[in-house]
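Number of protein chains: 2
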Amino acid sequence: MKITALHLYPVAIADPPLRSSYGLHAPYALRTIVEIETDEGIRGCSETYGGEQPLAQLQAAREKLIGRDVFQLTSLLMEFEAQAQQETSGVEGDRSQTWHVPGENPLDRHSRTFAAIEIACLDAIGKAWNKPLCDLLGGRARSEAPFSAYLFYKHRGGGGLGEDERPDEYGEALTPEAIVRQAHQMIQKYGFREIKLKGGVLDPELEVETIRALRREFGPALPLRIDPNCAWSVETSVKVGQQLAEELSGGGYLEDPCAGLEGMAEVRKRLLADGISTPLASNVAVTSFAHIPQAWKLGAVQIVLSDPHYWGGLRAQLQLDHFCSVLGLGLSMHSNNHLGVSLMAMAHAAAACPHLNFACDTHYPWQTEQDEVVLGGRIPFHNGSVRIPEKGGLGVELDYDQLARLGERYEKLPYRKRDDEAEMRKRVDPNWRRVLPRW
Amino acid sequence: MKITALHLYPVAIADPPLRSSYGLHAPYALRTIVEIETDEGIRGCSETYGGEQPLAQLQAAREKLIGRDVFQLTSLLMEFEAQAQQETSGVEGDRSQTWHVPGENPLDRHSRTFAAIEIACLDAIGKAWNKPLCDLLGGRARSEAPFSAYLFYKHRGGGGLGEDERPDEYGEALTPEAIVRQAHQMIQKYGFREIKLKGGVLDPELEVETIRALRREFGPALPLRIDPNCAWSVETSVKVGQQLAEELSGGGYLEDPCAGLEGMAEVRKRLLADGISTPLASNVAVTSFAHIPQAWKLGAVQIVLSDPHYWGGLRAQLQLDHFCSVLGLGLSMHSNNHLGVSLMAMAHAAAACPHLNFACDTHYPWQTEQDEVVLGGRIPFHNGSVRIPEKGGLGVELDYDQLARLGERYEKLPYRKRDDEAEMRKRVDPNWRRVLPRW
Numbered sequence: 063m064k065i066t067a068l069h070l071y072p073v074a075i076a077d078p079p080l081r082s083s084y085g086l087h088a089p090y091a092l093r094t095i096v097e098i099e100t101d102e103g104i105r106g107c108s109e110t111y112g113g114e115q116p117l118a119q120l121q122a123a124r125e126k127l128i129g130r131d132v133f134q135l136t137s138l139l140m141e142f143e144a145q146a147q148q149e150t151s152g153v154e155g156d157r158s159q160t161w162h163v164p165g166e167n168p169l170d171r172h173s174r175t176f177a178a179i180e181i182a183c184l185d186a187i188g189k190a191w192n193k194p195l196c197d198l199l200g201g202r203a204r205s206e207a208p209f210s211a212y213l214f215y216k217h218r219g220g221g222g223l224g225e226d227e228r229p230d231e232y233g234e235a236l237t238p239e240a241i242v243r244q245a246h247q248m249i250q251k252y253g254f255r256e257i258k259l260k261g262g263v264l265d266p267e268l269e270v271e272t273i274r275a276l277r278r279e280f281g282p283a284l285p286l287r288i289d290p291n292c293a294w295s296v297e298t299s300v301k302v303g304q305q306l307a308e309e310l311s312g313g314g315y316l317e318d319p320c321a322g323l324e325g326m327a328e329v330r331k332r333l334l335a336d337g338i339s340t341p342l343a344s345n346v347a348v349t350s351f352a353h354i355p356q357a358w359k360l361g362a363v364q365i366v367l368s369d370p371h372y373w374g375g376l377r378a379q380l381q382l383d384h385f386c387s388v389l390g391l392g393l394s395m396h397s398n399n400h401l402g403v404s405l406m407a408m409a410h411a412a413a414a415c416p417h418l419n420f421a422c423d424t425h426y427p428w429q430t431e432q433d434e435v436v437l438g439g440r441i442p443f444h445n446g447s448v449r450i451p452e453k454g455g456l457g458v459e460l461d462y463d464q465l466a467r468l469g470e471r472y473e474k475l476p477y478r479k480r481d482d483e484a485e486m487r488k489r490v491d492p493n494w495r496r497v498l499p500r501w
Numbered sequence: 063m064k065i066t067a068l069h070l071y072p073v074a075i076a077d078p079p080l081r082s083s084y085g086l087h088a089p090y091a092l093r094t095i096v097e098i099e100t101d102e103g104i105r106g107c108s109e110t111y112g113g114e115q116p117l118a119q120l121q122a123a124r125e126k127l128i129g130r131d132v133f134q135l136t137s138l139l140m141e142f143e144a145q146a147q148q149e150t151s152g153v154e155g156d157r158s159q160t161w162h163v164p165g166e167n168p169l170d171r172h173s174r175t176f177a178a179i180e181i182a183c184l185d186a187i188g189k190a191w192n193k194p195l196c197d198l199l200g201g202r203a204r205s206e207a208p209f210s211a212y213l214f215y216k217h218r219g220g221g222g223l224g225e226d227e228r229p230d231e232y233g234e235a236l237t238p239e240a241i242v243r244q245a246h247q248m249i250q251k252y253g254f255r256e257i258k259l260k261g262g263v264l265d266p267e268l269e270v271e272t273i274r275a276l277r278r279e280f281g282p283a284l285p286l287r288i289d290p291n292c293a294w295s296v297e298t299s300v301k302v303g304q305q306l307a308e309e310l311s312g313g314g315y316l317e318d319p320c321a322g323l324e325g326m327a328e329v330r331k332r333l334l335a336d337g338i339s340t341p342l343a344s345n346v347a348v349t350s351f352a353h354i355p356q357a358w359k360l361g362a363v364q365i366v367l368s369d370p371h372y373w374g375g376l377r378a379q380l381q382l383d384h385f386c387s388v389l390g391l392g393l394s395m396h397s398n399n400h401l402g403v404s405l406m407a408m409a410h411a412a413a414a415c416p417h418l419n420f421a422c423d424t425h426y427p428w429q430t431e432q433d434e435v436v437l438g439g440r441i442p443f444h445n446g447s448v449r450i451p452e453k454g455g456l457g458v459e460l461d462y463d464q465l466a467r468l469g470e471r472y473e474k475l476p477y478r479k480r481d482d483e484a485e486m487r488k489r490v491d492p493n494w495r496r497v498l499p500r501w
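Line by line, the protein sequences are chains A and B. Okay, so the first sequence: first residue is 63 according to our numbering, each after it adds one. Okay, so the second sequence: first residue is 63 according to our numbering, each after it adds one.
Only chain A is shown next, with the shape it has when bound in the complex (with noise of 0.2 Å):
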């Protein structure tokens, strides 16, 4: 089965105004979706990254993909290594997401799009066969996948042009009793049995109280981790561990309090020698299977962040759970915003991971009905969780009148990348900069 055809659409998504310590999420999202055709009539797709540079590289990789055989996968991402090898060498930085948001690291540009094209190849295989893609993969570990209530704090807004476009579904959550009130808007809609707060926006005592209010609303029954995305100093860090070393217990966990793997070394080193174990996780200081030797070795990292669409696909997804899984380490999965696409790669990845022992991340509440893109609408939850569906593939089709609509929107946008610090000298404060440790 060979590709004959690569199509790319860009498209925006309405976002409401999610505050993280990167900045404010701009009233678009980007992403793009991607659809392979092939010589036997089967289409495959598959959702990434938008904007500029994940489009340009996916343009890059035309003349690789057509004329190749879905199956030939290996073949491809070796051509991606080599090309990566050749192009970052001798580039500074290391391939952190310290200083990058998800998606615009170039050190992971090759990974991102190979897998947006492993992923469409394996949906189209998978409708050829009509076999779900996870089942393709070795088959399911889970039958659905578990995801968490995903909670910002938030201006007023439901983001795109404003209430005629987007009506603002969540309102304003600045406070700890309006997260604890968006949680609960969220879990009932949804059902979701875990809860990850975005912090690293207020100050660290009212983020501490506003996990204190979740518990104090939810109980021990739902596990809780807070993200502050590096916002934090080790000092900080170390004492926010010490005031939620209940709260975070029993599944929770402290995402990337603060940057560096070293930094984290030393708070995890510091919370163990209080007799607090828990274990930190991270999706900015561990990106690539790269770091996970030297995360591992220094005690950095207890719960690896995996996300397909930045770690090189669904392959590589089992190869991450089964790497965690000798060392030693959690598993978990990290989001972006996304639509149904992603949705469900990321739910074949969760069903197919035996190791995966959290729910997953999920941007999705945060989209709604006007801007989804498959077929039949969003894709429903039940228990908080996402049905593997008997269809083969993702288990998805596209809508393209909604493509062609979320495209026309895309064109019109005066911006090409994510950029939270512009968004955030924008329409909150003119003298914004993201300073890390802010705390």
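Hints are computed from structural coordinates only; laboratory data are not their basis. Heads up, some of the hints might be wrong.
Which copy is meant is left open, so a pair is good if it fits within one copy or across any two.
[Unchecked claim] Below are the SDA-like pairs computed for lysine to any residue, each with C-alpha atoms no more than 20 Å apart in a straight line:
1) Lys64 with Trp191
2) Lys193 with Gly103
3) Lys193 with Gln134
4) Lys193 with Ser137
5) Lys453 with Asp131
6) Lys64 with Glu452
On a predicted model such as this, the values are computed, not experimentally measured, just so you know.
Following the hints, position chain B against chain A.
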């Protein structure tokens, strides 16, 4: 596609009197051919270790298999792992193969059993979809799998019941000159481009002389490796490493010179201190994923010898390839006595693994046409390599007449496990015991 039946064919194959540090090969080696039937009328096969214990393990797995979808392998692996944890908890001893021949190590029996089933299921899927097995795993890093000439010190005799049943193709080889002759004969017939010598049999000085004679004869274009299976002390290993610094360079390696990771680490350290970078390879100290982190930390092993038969199948083989590449370890492949079904499983594994940078070991030249169980007879080699055929699955079909004949032979044999030490006492030296280190 559900499994409706499991057929197990124990077979005995004539085997010449080959020597190693474990002792002497018996006149017949034991193997098990595994076959599953499915409700779609498709069959899948694999080959694994022979004799009582592997057979009993497979029999015991039958109830897990009947009714199972051939695509649901991860959940099967999880069942095996849970069972292994239960059955081996509290069991003394490590999982190394220092004191076990491969196939008789009780601590990896679940991996072996799973592997045999996994490969048969993948063969069935490949046959159903008319796709070569390696293409189900991501496709080919190479279109043919290179193997090495596997030389043994050897007594007179072709194995089996003697000359009538099995001519002595290679003759006696207990001197450097005879090994050079053996190498010529094997290379002429198969075209191998790398050479492995099974050592640990003669005085190390004679084995050093054998390697030197091979180098003189074949030059540096044919990399050399020697494997005494832990027969040497650290002292002797270092001395041999020094003596063979040049001969084992350029793509060669020193395999399991002494027992245990600590010993290997010491050998490596002392060789490096002498400016000798000969990599150490292992399939004795490192036989499972759990060994790798420690081996890597100690710097004890630079090349891991994979083997889909006991590392857990073909997907595990790819995980091992990936794991080794992340840790900067090389990958080669171990072999036991085997027939064409195993050879094809190894070939598909090698074709699929991007980081397998050495020709694989194979005992295949030590078996002959009369004992082949695949239709059409022996698998051909081209310049030392096995080509991946454009056929579904492994690319071979079973010859049931041959299975019946070799099964009858198995039934008549008085032994049900490989015991090279007993054989050595019986045929060479009634007082022989395996002593480590011997030198």
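Against the structure, the hints:
1. Lys64 with Trp191: Both: 15 Å inside a copy, 16 Å across copies.
2. Lys193 with Gly103: both (17 Å within a copy, 18 Å between copies)
3. Lys193 with Gln134: both (18 Å within a copy, 12 Å between copies)
4. Lys193 with Ser137: For Lys193 and Ser137, the Cα distance is within 20 Å only across copies (17 Å; inside one copy 23 Å).
5. Lys453 with Asp131: between (22 Å within a copy, 16 Å between copies)
6. Lys64 with Glu452: Between copies, since 16 Å is at most 20 Å while 25 Å is not.
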